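Undergrad: Read off the chains here:
4 protein chains.
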Amino acid sequence: MLEKLKEQVCEANLELVRRGVVIYTWGNVSGVDRERGLVVIKPSGVDYEGMKPDDMVVVNLITGETVDGHYKPSSDTPTHLELYRAFPTIGGITHTHSINAVAFAQAGLDIPALGTTHADYFYGSIPCTRELSQQEVEEAYEMNTGKVIVECIKELRLDPMAIPGIIVKNHGPFSWGKDAASSVYHAVVMDVVAEMNLKTLLLNPNAEMKQYVLDKHYMRKHGPDAYYGQGKQ
Amino acid sequence: MLEKLKEQVCEANLELVRRGVVIYTWGNVSGVDRERGLVVIKPSGVDYEGMKPDDMVVVNLITGETVDGHYKPSSDTPTHLELYRAFPTIGGITHTHSINAVAFAQAGLDIPALGTTHADYFYGSIPCTRELSQQEVEEAYEMNTGKVIVECIKELRLDPMAIPGIIVKNHGPFSWGKDAASSVYHAVVMDVVAEMNLKTLLLNPNAEMKQYVLDKHYMRKHGPDAYYGQGKQ
Amino acid sequence: MLEKLKEQVCEANLELVRRGVVIYTWGNVSGVDRERGLVVIKPSGVDYEGMKPDDMVVVNLITGETVDGHYKPSSDTPTHLELYRAFPTIGGITHTHSINAVAFAQAGLDIPALGTTHADYFYGSIPCTRELSQQEVEEAYEMNTGKVIVECIKELRLDPMAIPGIIVKNHGPFSWGKDAASSVYHAVVMDVVAEMNLKTLLLNPNAEMKQYVLDKHYMRKHGPDAYYGQGKQ
Amino acid sequence: MLEKLKEQVCEANLELVRRGVVIYTWGNVSGVDRERGLVVIKPSGVDYEGMKPDDMVVVNLITGETVDGHYKPSSDTPTHLELYRAFPTIGGITHTHSINAVAFAQAGLDIPALGTTHADYFYGSIPCTRELSQQEVEEAYEMNTGKVIVECIKELRLDPMAIPGIIVKNHGPFSWGKDAASSVYHAVVMDVVAEMNLKTLLLNPNAEMKQYVLDKHYMRKHGPDAYYGQGKQ
Chain A
1 MLEKLKEQVC EANLELVRRG VVIYTWGNVS GVDRERGLVV IKPSGVDYEG MKPDDMVVVN
61 LITGETVDGH YKPSSDTPTH LELYRAFPTI GGITHTHSIN AVAFAQAGLD IPALGTTHAD
121 YFYGSIPCTR ELSQQEVEEA YEMNTGKVIV ECIKELRLDP MAIPGIIVKN HGPFSWGKDA
181 ASSVYHAVVM DVVAEMNLKT LLLNPNAEMK QYVLDKHYMR KHGPDAYYGQ GKQ
Chain B
234 MLEKLKEQVC EANLELVRRG VVIYTWGNVS GVDRERGLVV IKPSGVDYEG MKPDDMVVVN
294 LITGETVDGH YKPSSDTPTH LELYRAFPTI GGITHTHSIN AVAFAQAGLD IPALGTTHAD
354 YFYGSIPCTR ELSQQEVEEA YEMNTGKVIV ECIKELRLDP MAIPGIIVKN HGPFSWGKDA
414 ASSVYHAVVM DVVAEMNLKT LLLNPNAEMK QYVLDKHYMR KHGPDAYYGQ GKQ
Chain C
467 MLEKLKEQVC EANLELVRRG VVIYTWGNVS GVDRERGLVV IKPSGVDYEG MKPDDMVVVN
527 LITGETVDGH YKPSSDTPTH LELYRAFPTI GGITHTHSIN AVAFAQAGLD IPALGTTHAD
587 YFYGSIPCTR ELSQQEVEEA YEMNTGKVIV ECIKELRLDP MAIPGIIVKN HGPFSWGKDA
647 ASSVYHAVVM DVVAEMNLKT LLLNPNAEMK QYVLDKHYMR KHGPDAYYGQ GKQ
Chain D
700 MLEKLKEQVC EANLELVRRG VVIYTWGNVS GVDRERGLVV IKPSGVDYEG MKPDDMVVVN
760 LITGETVDGH YKPSSDTPTH LELYRAFPTI GGITHTHSIN AVAFAQAGLD IPALGTTHAD
820 YFYGSIPCTR ELSQQEVEEA YEMNTGKVIV ECIKELRLDP MAIPGIIVKN HGPFSWGKDA
880 ASSVYHAVVM DVVAEMNLKT LLLNPNAEMK QYVLDKHYMR KHGPDAYYGQ GKQ
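Chains as they are written, first to last, in the working numbering: chain A, 1 to 233; chain B, 234 to 466; chain C, 467 to 699; chain D, 700 to 932.
Bound conformation, chain A alone (with noise of 0.2 angstroms):
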């Protein structure tokens, strides 16, 4: 079942050990199919060489329960679960450990908009959630992971397609998008900002961008009259 699906989120997979952010196994990915309310994800400590489409687990959006697969879906399905509950326009989720997001994750740090790079994808800083409780970690913590990256969002009031990722404290980034493979792209850029943004600080710790260069390159590709690219066809 859901045979394109899981081709798509296989795929998105591997793409995050091409492009160098995640090693053994760690981070996954997975992808939604709304109308069945269905979710197909990577499988559990896995590793990456030789994984296949057929490997990925197939895990109910409501319930969680697995409905297809012959592996344990990941043990962050419950986070991923939370999100797509909480956020109806995202189709694809991302996690990795990926260094530089990881550092500001560490340091308890929001990843700060200051340059166009940021801008192109993310329209605000990365928000880095706050601190999980002891009985939140203790009594669910996966889906407990979840609900605190969706409060965090919901506090500051932000569009989750405008922001797609955040960073959990301690732990690493959660990242989004339409599909499973936008949810890697953005997963990518949010390292790479974090290490440009990691080196400005080291420059200047009062580095800094001006709300309308913010507005406009994020607005150039995603708004309205965005003029980005080779437009839709």
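Every clue listed holds true.
With a straight-line Cα cutoff of 25 angstroms, these simulated DSS-like cross-link-like pairs (lysine-lysine) come out:
{"#": "1", "chain 1": "D", "residue 1": "K846", "chain 2": "B", "residue 2": "K454"}
{"#": "2", "chain 1": "B", "residue 1": "K387", "chain 2": "B", "residue 2": "K443"}
{"#": "3", "chain 1": "A", "residue 1": "K210", "chain 2": "A", "residue 2": "K221"}
{"#": "4", "chain 1": "C", "residue 1": "K538", "chain 2": "D", "residue 2": "K915"}
{"#": "5", "chain 1": "A", "residue 1": "K216", "chain 2": "B", "residue 2": "K305"}
{"#": "6", "chain 1": "D", "residue 1": "K920", "chain 2": "C", "residue 2": "K538"}
{"#": "7", "chain 1": "A", "residue 1": "K72", "chain 2": "C", "residue 2": "K687"}
{"#": "8", "chain 1": "C", "residue 1": "K613", "chain 2": "D", "residue 2": "K909"}
{"#": "9", "chain 1": "B", "residue 1": "K285", "chain 2": "B", "residue 2": "K411"}
{"#": "10", "chain 1": "B", "residue 1": "K411", "chain 2": "B", "residue 2": "K380"}
{"#": "11", "chain 1": "D", "residue 1": "K846", "chain 2": "B", "residue 2": "K449"}
{"#": "12", "chain 1": "D", "residue 1": "K920", "chain 2": "D", "residue 2": "K877"}
{"#": "13", "chain 1": "A", "residue 1": "K147", "chain 2": "C", "residue 2": "K687"}
{"#": "14", "chain 1": "C", "residue 1": "K620", "chain 2": "C", "residue 2": "K687"}
{"#": "15", "chain 1": "C", "residue 1": "K613", "chain 2": "D", "residue 2": "K920"}
{"#": "16", "chain 1": "B", "residue 1": "K380", "chain 2": "A", "residue 2": "K216"}
{"#": "17", "chain 1": "B", "residue 1": "K380", "chain 2": "A", "residue 2": "K210"}
{"#": "18", "chain 1": "B", "residue 1": "K443", "chain 2": "D", "residue 2": "K846"}
Covered stretches of chain A (chain C as the covering partner; in silico rule of three or more C-beta atoms under 8 angstroms from a C-beta of chain C):
{"#": "19", "stretch": "62 to 76"}
{"#": "20", "stretch": "93 to 104"}
Among chain B residues calculated to face chain D with C-beta under 10 angstroms, some are:
{"#": "21", "residue": "R252"}
{"#": "22", "residue": "G348"}
{"#": "23", "residue": "H351"}
{"#": "24", "residue": "Y418"}
{"#": "25", "residue": "V425"}
{"#": "26", "residue": "N430"}
{"#": "27", "residue": "L431"}
{"#": "28", "residue": "K432"}
{"#": "29", "residue": "T433"}
{"#": "30", "residue": "L435"}
{"#": "31", "residue": "L436"}
{"#": "32", "residue": "E441"}
{"#": "33", "residue": "M442"}
{"#": "34", "residue": "V446"}
Derived by calculation from the structure, the hints in this document are not laboratory data.
On a predicted model such as this, the values are computed, not experimentally measured, just so you know.
No residue lacks a Cβ here, since even glycine has one placed at the ideal position from N, Cα and C.
With the hints as your guide, set chains B, C and D onto chain A.
TA: Chains B, C and D only, in chain A's frame:
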């Protein structure tokens, strides 16, 4: 039309990928045919993989109108055109978001001339432009980016062929040279020099190089009595 | 003799090169056969290129004497033997000079537990040993390096399988695991974590992680109720 | 003439590229034939790609005159000749602009001996030379670069084979060894050590290593009773 220049410009764009200074669709290279008043440039938002000379776009140097090609030109085309019109000696232009040069751009700092690697290609600090005003950004962002670069080079009374690159505040590097390939070469060197200089400043915030070392290294490669390399046959 | 273990140890040594944590002849991996009281280890100062299982050296776990092989064993062999003798649960040991772990070793600082990447493999800070005394260095350097590691682990009352690595002051990382491959895995993770934590500390010198997050992440992979991965079949 | 030495020197130059310490035409390696009083060196400003032994240039050790080859020798040839004339034990010399060693050179700081990776190859800090005077730069820059290196080594009473490299202020590293390949090896190690030590100093500006650790590590590889490696057969 302009088959040879399209080949050179396409090849120069692909070189950006091989040298690791761009990912995805980031960056763009152009070349100019001064006699015909035409500029050949990378299409907007198109992947490097599989890019062919025939995909390059030809625009009018004065009017900016597309005169050949099946794609829209790079959204940064107006910036390139401003530079070609202001600096008659340059034949090719490159724009990237390479990480180390961007770090200086986001920090709002010149890339200082601290060593002979820098001096072999750039006869002095690589300047960081002033911030564009809100009006400049909103009215004609890409053209005004070009105007701010030209203003910076002219105010500092620099010879653009002696300082073949600049960083635009909060944005990133633009570089140029006698042709498209040369502008890519300068883009790569600028990022290496930026990494060297960032690390130097972390070790010693007061690092500097004497003017006579700068003079010597630049002149032995580029002066009237240059003796580096195999000479002109 | 020990053909299977030689294959595993040779393969683990070659993996060091593929993972980019050693260059030239740096680093070494060993594995132990507890029943026979024998250790298989990389030969001293031999290139990785072309290295074959038959080039591995077999030494006696107790006496350190070479009992098989056409090369001299790694000069670090006495360090490995000390660790195998002190920690009966470990089956493989790796030593590298990987850049980021060495930076902490040279700084004389523990690699602090700042995030879940760390917590997935190391149940607490990765300690930095005390400095060896002049007498310890001059009398039996490699053996005393082992003794200082053992002393550090015991004084901190650590389970070596829960903190499967350490950094030796002014020297570099040693790691271990259930077998040779596992010790390499921990060497690679330690260097990635060291890079993350160095960058974190540059952003926020006061960064820290709550104990309950460390508990959760370590236990979901390694505790009695571990649920990460596909489980034991 | 000197076919064997040309092959060694060409191969050593190509190794610079494979090890990632040079790009474009940067860097150069030479080797000396002491009996004939001739030096074989890379041609000036020629690409590494497709470089053949026959492209190497032979110059007279005393006069510096080109005695064989179809190219001009590296512009740094006078620096190499000064070193060969001052240090009769060295057989090969390498110059690069590798990023981390250059950072120390631009900072005007010695690369301090902070760990055993350093101590395995360099018996003490790798010194940074004094700045050349304006007169030295203008009159005979490359020759005086060599003289300043020699002055530095002699003033510090160093054995050039025990400290097989140096960094020239505002310029970059020169290294040497018993032959061309060995000088490249030391160039690569110097850059790795520079990266380690830069990161160490960011973590702990007061980091240091005891003299007796330096003694031990250097001597176990290079002393009269060296026991690292497979020994001389």
